[in-house]
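Go ahead and model the full structure; you've got the sequences and the hints to work with.
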Amino acid sequence: MTWVAAVARLRAHREPGVLVTVATVRGHAPRKAGAKLVVGRSETWGSIGGGNIEAVAIDRARELIGTPDAEPELMDFALNDKVTNRHGVQCCGGAVSVLLEPLPVVPAVAIFGIGHVGLELARILARHNVDLHLTDTRPDMLTDERLGVLADAVAQVHVHHVPLLPEEVLAELAPGTHVLIMTHDHAEDAALADAALRTEGLGSIGLIGSSAKWARFRHRLSIEGGHDDATIDRIKTPIGLPEITGKEPATIAVSVAADLLLTFEKERR
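So that you can map any letter, position 241 of the sequence shown is 241 in this note's numbering, and since no number is skipped, the others follow by simple counting.
In case anyone wonders, no lab produced these hints; they're calculated from the structure.
Since the model is a prediction, treat every value here as computed from it, not as a measurement.
Wrong hints could be hidden among the right ones.
[Stated by the list, open to error] Here are the simulated DSSO-like pairs of lysine-lysine, each with C-alpha atoms no more than 30 Å apart in a straight line:
1) Lys236 x Lys213
2) Lys236 x Lys247
3) Lys213 x Lys266
4) Lys247 x Lys266
5) Lys236 x Lys266
6) Lys213 x Lys247
[To be verified] Beta-carbon label-pair distances, calculated as ranges:
7) Glu172 x Asp140: 18 to 28 Å
8) Glu63 x Ala12: 19 to 29 Å
9) Thr67 x Pro139: 38 to 48 Å
Think of the CB as a built atom: it goes at the ideal place given N, C-alpha and C, for glycine as much as any other residue.
Shown next, in the form of structure tokens:
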């Protein structure tokens, strides 16, 4: 597996890792500058030359995997028989610098309902390094032309057109995915809210709407859905920052995105 494929695999499986690169080489060394190794919790892909260099780099990479907000760092190695090494002697005669770059698990967000607010929110979140899922039952909301505003997205965007049962997408989401329910249909919102509470491993659950809408939903989730109060309280409504009170779609989207970014910050601590 190439290092690019290994990084993509870690991201797809929502696993942290570290990209290890031979940054500089002076004299003789097992690999040239640019050689790469990807380190996961239990597996590695590629090589930076084996021996002590690689073993020490792997040890340090796994320490970084367990460190919140780990920063990239350089490690220097002298390759001669006068150096006491943790994992044996490498006496090629040169010196090597190795760069370790943490690959954290990126946040994941699923927006159900890509209407005016949903699309504005998608435009904002697409500028961030997240996995972004967009779901709508209306095909005209997910056309290539309409989603063209996301063409330069930094995010990895996944589009789900589910004509009948959008709640089926919930089962496909990775653990920890934050869910935002903002469809055009209150019945669809209610079904999604109920299904989200029954889906294990999700992150936060947000529901757009008024206090009157939430009162009806809460009653329905309790009486018809059989959810207890603690479970229902997992749903946050209204969504966004309470200090931002504007009703324009772009204003609501900024408010919701800001609240999500605060949630991402708390998760990294």
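Consistency of the hints with the structure:
Between the alpha carbons of Lys236 and Lys213 the distance comes to roughly 13 Å, so the proposed pair stays at or under 30 Å and holds. Taking the CA atoms of Lys236 and Lys247, the gap is near 18 Å; set against the 30 Å cutoff, the hint holds. A distance of roughly 29 Å separates the Cα atoms of Lys213 and Lys266; the hinted pair therefore holds under the 30 Å criterion. Restraint check for Lys247 and Lys266: satisfied, since their Cα atoms lie roughly 27 Å apart, inside the 30 Å limit.
For the proposed pair Lys236 and Lys266, the alpha carbon gap of about 16 Å is at most 30 Å, so the pair holds. At most 30 Å may separate the alpha-carbon atoms for a hinted pair to count; Lys213 and Lys247 meet this at roughly 16 Å. For Glu172 and Asp140, the Cβ-Cβ distance of about 23 Å falls inside the hinted range of 18 to 28 Å, so the restraint holds. Range check, Glu63 to Ala12: Cβ separation about 24 Å, and the 19 to 29 Å hint holds.
Checked against the given bound of 38 to 48 Å, the beta carbons of Thr67 and Pro139, roughly 45 Å apart, stay inside it.
Going through the hint list in order, the structure satisfies each hint without exception.
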